[in-house]
Amino acid sequence: MSQQQVEMKQQHVESKQLEAGKQKRKKNLVLIIVETIAVLISIVTFIIPFYFIIITAMKTGPEAARFTITWPTEIRLWQNIIDVFQARDYMLVTAFFNSTVITTSSVLILAVACSMGAFVLQRRQSKLIGWLTSLFLAGLMIPSAVVPTIWVLEQFGLFKTMPGIILVMVALSIPFCIVLYTGFIATIPKEIDEAAIIDGCDGFRLYFRIIFPLLKPIHSTIIIITSVNIFNDFVHPLYFFPGADNATVQLTLYNFMSLYNSDWNLLFANVLLITIPPFVLFLVFSEKIVAGMTAGSVKG
Amino acid sequence: MKVNKVYSYWLLLPAFLIYALLFLYPTAVSFFFSFTRWTLVDWEWIGLENFIMFFEESSLMIGFKNTLIFAVLTAGLKVVLGLMIAAFLTSQIKTKKFIRSVVFFPVLVSTIAVGITFKVLMHPSEGLINTALSWIGIDGPSWLGSPSLAIYSVALVDVWKGVGIATVIFIAGMMSIPKDYYEAHQIDGGTKFNAFWHITLPLSRPAINAVILLALIGGLRTFDLVWAMTGGGPGFSSDLIASIIYKQYQAGFYGLSTAGNVILFILVACVVYPVFKFLTRREVDL
Amino acid sequence: MKYLRKNWLFGLMVLFLFLLAACSSGDSGSETTSTGGSDNSSDSENENEERTVTIQVGNSETAQLQFEALAADIKEKYNITTKFDWVPTGGEGDNLVKTRLAVGEMADLLVYNSGSLFKALNPSEYFVDLSEEPFMERVVDTFQEATSDESGTYGVPVGTSLAGAIIYNKAVYEELGLKVPHTWEEFIANNEVVKEAGEIIPVIAPYQDTYTSQIIFLADYYNVHSENPEFAELYTTNQAKIADTPIVRRGFEKTAELYEKGFYNDEASSTPYTKGAEMIANGEAAHFPMLTSILPYIQDNFSDSIDDIGVFGVPGDDPENHGITLWLPSGLYINKDAEDIEAAKIWAEYMVSDEGVQTLMSVAEPVGPPVVEGIELPEDSFEAVKETMTYIDSGNVASALEFYSPLKGPNLEHILIEVGLGMISAQEGAEKYDKDVEKQAQQLDLEGW
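Residue numbers (this note's numbering), protein chains in the order written: chain E, 9 to 308; chain A, 465 to 750; chain R, -17 to 431.
Note that these hints are calculated values from the structure, not bench results. Heads up, a few of these hints could be off.
Straight-line distance between alpha carbons at most 20 Å, and here's what the computed SDA-like set of lysine to any residue pairs gives [said to hold, decoys possible]:
1. A:K561 to E:V52
2. R:K390 to R:I229
3. A:K560 to E:I56
Ranges of calculated distance between the beta carbons of each label pair, as one might list FRET restraints [as the list claims (entries may be wrong)]:
4. A:E508 to R:N220: 39 to 47 Å
5. E:E202 to A:V739: 30 to 38 Å
6. R:E114 to A:Y489: 43 to 51 Å
7. A:Y616 to R:D123: 50 to 58 Å
8. R:V345 to A:Y489: 45 to 53 Å
9. E:L143 to R:P211: 27 to 35 Å
10. R:E107 to A:S589: 49 to 57 Å
11. R:D55 to A:I602: 24 to 32 Å
12. A:H649 to R:G72: 28 to 36 Å
13. R:P211 to A:A492: 25 to 33 Å
14. A:Y616 to R:G86: 41 to 49 Å
15. E:T44 to A:Q650: 32 to 40 Å
16. E:G208 to A:G654: 51 to 59 Å
17. E:T44 to A:H649: 25 to 33 Å
Computed from a predicted structure; not experimentally measured. C-beta atoms are modelled at their ideal positions from N, C-alpha and C, and glycine is treated no differently.
My request is simple: use the sequences and hints to build the entire structure.
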């Protein structure tokens, strides 16, 4: 842009802004109304179910089993929380530890391995790449095969080990992450690569120095979604990580559920407790998604 | 030549290695067992018998119909509602942090708890939903107890639970649109609404495509919420193909359920592949 | 600066992957040492030093109370430490048991159903034969049969058996001047009276918990067994079908008849069993086809009404022949690959000893007749359990079909809900279930299918 053009544009903008100023108040009012409605809708559709979970967690056993949305006659949230922690010899504490280790490790591996892989899948064009992409996509459509996977883990001496379950959780989440990363890498202009190549970057440096940081918003998204999935999974740890000391958080829910007699108050108190860590993680990383804009991801 | 050297296969290797060893290979092995009667320890080759038996499953047609309804309904609603919420949350509003958290929270809550909660809220006479409807003079239906309605009710809850994921992906997509575009648009005198149509939508197409794909495949395959809320019932009226397979697995019919998985995989591929081709074709146009 | 940070991140990842690899090799190392350790422990078996067994139990409040109490006794008496592996109950638990057995990862001791579910596990492959153990003499024959195959007997009972029957509210009966029915006709007549009186629901159908739909059919088996004791055998060998055998089909018809006459509660598929327990305890309903395992729940939550709760068997057609159908308790089984089989046997022996049974009864009140010889029910047992005992004393008792035959189709509960909600007829339901069973028989590879 030449100097003149820039000036003209600025003038144009200023006059527009003057015009806009008159309408601004009216617009603001509309915005406030829309926002109020949105808040109301979200309260009705989203908060009411939480309200039910929370009050059930505060009740006594028999009252909770009646499943009403009335306020508890006797609030015993704290006692319920203590009971939940103490159940089955502090199983919940072990479970928090195990689930946290499994989740953080898997997510770290996923963020690096899948963004790297997706970068190649998106940028390269060949028959082989087409096939590989289909293979990864297929993973979204097929459930895992439990027993054969155990056989593989046994071959490597990884069955019943923390690294084993971590690698399984990674393997199962790879298709999802590859799809998301591929989509987002497509929005990064190829010119950026070309400039870097001219500067003499090889593939690894191009990826780690330039591409990886550009993916910040999607990294946060992946971290949020896959951590929640892995943290909340109970079927796979149950099969691939069996043993008395190997509980994971979702499994603790079964302390309070059975065919004939369930402690619904404790179950819901447990649900509340195990929802807190992923919620904190969400609060932190969802800020980072939004922060990606001010950092000017693609602009840079 | 040179370019391909830059995009080295070495970068792809770690992901592929883990995936091939712990997913592709075991899956291929399990497909073999779909032709056998399998007790997890012993197997006996029985050819296509499992596939024939799967197609003879009496509730298969219900499951087939329900699966398509469920997938299209949940994927469609998640995409549309997710886009609307995401667009709203990336605009200049004060309560976005609150609404964002509130919308995402259901994703975090375990399916079991969601199932119980909505069973209570959807109870025909004592549930809050029908109580609220009665205030405005509507006699609410039996959301989960009516065979013709159950699958739709579960689908709505699935949207409620899953729309947060779509929203977050959309927000990420919208956040990576360079601000310059909007500035330029504003300079040219465009309205906010126009900006959404002409900038936000086309430029977040990769995110939209990803969500359509993930939600559609997810919708064709999931059954955990159906399982938690209706168990496929009343009777078999809200069965999905995936829940039929799961029931067979639970009954210890391992070969049969593997055959079911192969069939479901083919079905999903048949639905998703054309959609995928269509979406990526449009991507090239861009 | 930025470059440095990214490099640092990459380094961390690489380090991390290495650590993972290192950990895994470290773990396999420790595994070999532990197997080495087991050799030593067999040397020191005769000394009274600390030994450990692991046990896999389906998770529930009752199981926790029972097994932790037993484990405490055993720790004190024999210095054997028990490590618990709590797993989900129900369908997921079944799969887990099968998978862990298949890959050789079962705990030393397993608590699992007896009867058809247990027999489907191929027991001779995995469990220690206990038939020669002296303590097995204390276990009643019916239970032994339910945990046996042609090559051995594998289980000791956990707790008492329980009845599947019609649980009824005595206060309601008194108020309406009703008598315990001894034929199905009388039962229907009683329901008419209840219905006509208004207010009170004749029969509870809590189909939100789907398994409850099966009770009438399964608990009707006493009537089948007393008329046609060969049925189970013929059924297992594919020489008899439910839909073609009138006396068996009656179970489907009874389920349907109660619907057709409008005896069930409204909103059956939105009613959980907890609601059913509340209704029967408070006298909002007259009858509840259920297992007596619901009694402790009623006791815990509606203790005032527990004495109003009575029980009678699903009536047949002959007033002189009114019996009850029993479910046998779960069994405790010993894994063949257990490191310390002797310690595991001490566990099994203690379970059926007088002390062990007393410990069990002290933490969980018995819900039916004991299956260990020489054990009497406590004086203050549930009223309904005492009533169950009168059937036992007169010999009018049979086990449920799943203890005579390995066949139980997985869709029975869903089919019976269709019947109980009037979506299909009893005949259609029976035919549908025959097909379901056929599939299972083929999967089990039984002869004659």
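Evaluated hints:
{"no.": "1", "hint": "A:K561 to E:V52", "in the structure": "17 Å, holds"}
{"no.": "2", "hint": "R:K390 to R:I229", "in the structure": "18 Å, holds"}
{"no.": "3", "hint": "A:K560 to E:I56", "in the structure": "19 Å, holds"}
{"no.": "4", "hint": "A:E508 to R:N220: 39 to 47 Å", "in the structure": "19 Å, violated"}
{"no.": "5", "hint": "E:E202 to A:V739: 30 to 38 Å", "in the structure": "32 Å, holds"}
{"no.": "6", "hint": "R:E114 to A:Y489: 43 to 51 Å", "in the structure": "45 Å, holds"}
{"no.": "7", "hint": "A:Y616 to R:D123: 50 to 58 Å", "in the structure": "53 Å, holds"}
{"no.": "8", "hint": "R:V345 to A:Y489: 45 to 53 Å", "in the structure": "48 Å, holds"}
{"no.": "9", "hint": "E:L143 to R:P211: 27 to 35 Å", "in the structure": "58 Å, violated"}
{"no.": "10", "hint": "R:E107 to A:S589: 49 to 57 Å", "in the structure": "51 Å, holds"}
{"no.": "11", "hint": "R:D55 to A:I602: 24 to 32 Å", "in the structure": "60 Å, violated"}
{"no.": "12", "hint": "A:H649 to R:G72: 28 to 36 Å", "in the structure": "57 Å, violated"}
{"no.": "13", "hint": "R:P211 to A:A492: 25 to 33 Å", "in the structure": "50 Å, violated"}
{"no.": "14", "hint": "A:Y616 to R:G86: 41 to 49 Å", "in the structure": "45 Å, holds"}
{"no.": "15", "hint": "E:T44 to A:Q650: 32 to 40 Å", "in the structure": "26 Å, violated"}
{"no.": "16", "hint": "E:G208 to A:G654: 51 to 59 Å", "in the structure": "41 Å, violated"}
{"no.": "17", "hint": "E:T44 to A:H649: 25 to 33 Å", "in the structure": "27 Å, holds"}
Checked against the numbered hints above, the structure breaks hints 4, 9, 11, 12, 13, 15, 16 and satisfies the rest.
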